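Protein chains in written order, with the numbering used here: chain A, 4 to 340; chain B, 4 to 340; chain C, 4 to 340.
These are calculated hints, taken from the structure and not from any lab test.
Watch out, some of these pointers could steer you wrong.
[Stated by the list, open to error] Below, in silico cross-link-like pairs of lysine-lysine (DSS-like), each with a Cα-Cα straight-line distance of 30 Å or less: (1) C:Lys-135 <-> B:Lys-135; (2) A:Lys-266 <-> B:Lys-266; (3) A:Lys-266 <-> A:Lys-135; (4) C:Lys-266 <-> A:Lys-135; (5) B:Lys-135 <-> B:Lys-266; (6) C:Lys-135 <-> C:Lys-266.
Remember, it's a predicted structure, so these values are computed and weren't measured experimentally.
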Amino acid sequence: MEFSNTTIENRKPFGWVRMLLRGAGQVMFQNNAWTGLLFLVGIFWGAYASHNGAVAWGALLGLAVSTATGRLLSLPSADGEQGLWGFNGVLVGCALPTFIGPTAWMWVAVIICSALTTWVRTGLNNVMRPWKINSLTFPFVLCTWFFLLAARAMHSIPDTGMSAPALPAAFTAFHGASFTGLLAAWLRGIAQVFLIDSWVTGLFFLAGLAVSNIRAAVWAAAGSALALLTAILFRASAGDIAAGLYGFSPVLTAIALATVFYKPGLRSALWAAVGVVVTVFVQAGMNVLVEPTGIATLTAPFCITTWLFLLPLIRFDDVQRPDHTDWSVGRKPHLGK
Amino acid sequence: MEFSNTTIENRKPFGWVRMLLRGAGQVMFQNNAWTGLLFLVGIFWGAYASHNGAVAWGALLGLAVSTATGRLLSLPSADGEQGLWGFNGVLVGCALPTFIGPTAWMWVAVIICSALTTWVRTGLNNVMRPWKINSLTFPFVLCTWFFLLAARAMHSIPDTGMSAPALPAAFTAFHGASFTGLLAAWLRGIAQVFLIDSWVTGLFFLAGLAVSNIRAAVWAAAGSALALLTAILFRASAGDIAAGLYGFSPVLTAIALATVFYKPGLRSALWAAVGVVVTVFVQAGMNVLVEPTGIATLTAPFCITTWLFLLPLIRFDDVQRPDHTDWSVGRKPHLGK
Amino acid sequence: MEFSNTTIENRKPFGWVRMLLRGAGQVMFQNNAWTGLLFLVGIFWGAYASHNGAVAWGALLGLAVSTATGRLLSLPSADGEQGLWGFNGVLVGCALPTFIGPTAWMWVAVIICSALTTWVRTGLNNVMRPWKINSLTFPFVLCTWFFLLAARAMHSIPDTGMSAPALPAAFTAFHGASFTGLLAAWLRGIAQVFLIDSWVTGLFFLAGLAVSNIRAAVWAAAGSALALLTAILFRASAGDIAAGLYGFSPVLTAIALATVFYKPGLRSALWAAVGVVVTVFVQAGMNVLVEPTGIATLTAPFCITTWLFLLPLIRFDDVQRPDHTDWSVGRKPHLGK
């Protein structure tokens, strides 16, 4: 019985804290509490820098609620120990206060939506298991989409922070940025994984990755850079590029393909690079697709592209592909045990 | 060979009539001909009260065509006996005359679309079987969506009864209703399961549920009430709430989760209540999602939410979860055998 | 090891040419190089007749890239031999130059997108295998949709040839066409399978089908005619009907249901005819669904309808349904071996 192991771990001081911090870390596939701590510091910095502290407190609330939900439903505790109950919830907690006005009911929505992600993740993983893929951050995407759309139909959770619904129209292409402008866009691409528009937060996130897995940090940086280059060459929207909105999904695709689901190697590195470029097109396409309702794509472009690169079960000659389910059943904790 | 049993049953007087009535009953999961009869009476009352008798005759036509299609394709007759061929068709027959103008070609569309639901149900159940879920009323939703969208592109089936396509925009929140206004909205929530906007029909439907399964009637009533409360608290559209449009999907979620797919108990009751609340947000979100094309959500919010609450295969300590496939392979008939 | 067989075949002169030509033929399920040759001739004729030669060269490029991708990824070579790596790529190569302006980056997009279809096909076939269905041309549809949507968000691949995004609105019904007008619409319905708006191309395509399989040619002709009749009776858009836009998906449904996935017979012929009619409604519906973003439906209506007619695993009394996977694992080559 797994529960007994958990109980023992929980008797240790800070068992729950570690579980929560790992939840934040797992957003970028790091089962590491220090990573999670640095991520949360980055979130708090970015949230207060943009005068919306609710995003940071939402992140904590979503993390706690989704993690507690896993325990309440007696889901397999091995997942919880590794932060796999919390990573969707922390994203819900970042997203809803970003897009919805700060009413009391918004906080109720954060609680319902982040709790929901925990069993939606279990359900979607059940669906995807036969093909050895994982639901990734899609439970967050799906549940948050419903609540963002609902915000357009409910005055108690006003759609204050959302774009106005519109038919796709003309826009300004990125051109002639300074080196510092490019640098900021590159770091913002990493920060936007948690919906934070701050290059400083990008540095915190890179540091958080580095303490857990230096390869992941390198690939996050490379993924954001390659995505930036692709978006500039194909002349996407200047505002979106500068805000890092072409970066966050490719960053996740890069980490997932290069460091989590395929063993490192030259061919898997090339495969991940192609994945990053494809994610940029999926991101551009989905930006257009969601315009008539004015909701955000969230990390859907990352999920879709990563699935498309995992489903063929390609086996590279120079690498042994690890079973895709490794991540879903969780990897060994890196901290404190 | 199942066919021979069927033949024997069909020799009995009224075998086909019973099969059709059960089809109407199965829309709310009741394998009971009296339930179906009361449902049809409610539909006729509501259709004529709103001066659109075509809805009632459409219901009968859709029911007959979809049930006959199951026989024509030699699908397993155990399903047909229990009304499982007909429940999608009866909904098609209510929906098309509600949204499409009364041309001769509209009736052809009812025939094609309701026949289609029978094998789409077989196909979708094949798809979903590995995860122990059922297509519920989604065959109706999917097929009807195609025809409603097509009505915008075909003059022979004019989109007379549909909302104009529009980008999501401002709306009036529900406020200050009288007790009788709330009572009517609560009963309309139940009536709208068959797209009927009449509180009297809601009473007929409750009576129909009660003759088959008193728990189902109680949960339908509770589901509509809890959905009404949620929609009011979150201040959804006044017009939609008054018309019962926030009620019909939660009513179905409540019956499904509390009385069909989980054994009754305190924890499954709580689970169903959470399901009802989540259905309201999914309904609100989908209302926005369909606005640019101006089609109705139909019962999609019920299907999606119920799947999300069944897929995790949660097992409550105090209840034994029945196998989810029970309903799909049909339950024992309650009448006349 | 399959690779060795392939190597032997490739030593034969024209091994690669045959593989590419079969790829063009497989768009209409014909594993026949002469068919592919006639299809390509038809494409070149139509492309130059409408002063957009890029479509024809795009077709060749997409075909070559997607086929080479299969080899590069060491996918099972039996598929490649039969042209199953190339049929999605050739469609990408027709579609992107049709809808996107002729910039250098458009050609880069053709290369990325057509390569992508090869492993997306492998992935989607893995997903669909349990239900004995095949991804058909959906890899082309999915990947091209992303790039068409992206074209609205990227100046380097301008959305020059696409409809403006719009809410569904009024349109003119087809009426009073001359016999030659109907004849042209009927042949264009076949030509539009490759997005070519030319009745002469329709003749080339019929000839291409006839050299491989006379039944397929007859069903393509019948499918286009029945779709035309249905669209006229239901009074769809005059412009769309005249351009053959109600024909191409039903043509593919007809070939698939009547000649590929079910053994020929009276009942499967009726089944295919119903499938053609249903495809027209799905086409009309999807035309409306895509209007707010202004992208094309591509062959999605064919894929969706064909799946809905295969998933129930209906078995007709007078015919033996061949295993649905036959096509996905490939059929015997008809030429030159």
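For this session: Assess, step by step, whether the Cα of Lys-135 of chain C is no farther than 30 Å from the Cα of Lys-266 of chain C, and give holds or violated.
Result: holds, 16 Å
For this session: Measure nothing beyond the straight line between the CA atoms of Lys-266 of chain A and Lys-266 of chain B; if it is 30 Å or shorter, mark the hint as holding.
Result: violated, 45 Å
For this session: Starting from Lys-266 of chain A, check that the Cα of Lys-135 of chain A is at most 30 Å away, please.
Result: Given that 30 Å is the threshold and the Cα spacing comes to 16 Å, the pair holds.
Exercise. Would the pair Lys-266 of chain C and Lys-135 of chain A pass a check requiring their Cα atoms to be no farther apart than 30 Å?
Worked result: Not satisfied, since the Cα-Cα distance of roughly 34 Å exceeds 30 Å.
Problem set entry | Given pair status - Lys-266 of chain B, Lys-135 of chain B, alpha carbons within 30 Å | holds, 16 Å
Problem set entry | Straight-line alpha-carbon gap Lys-135 of chain C to Lys-135 of chain B, limit 30 Å | Within the cut-off at roughly 19 Å; holds.
Checked against the numbered hints above, the structure violates hints 2, 4; every other hint is satisfied.
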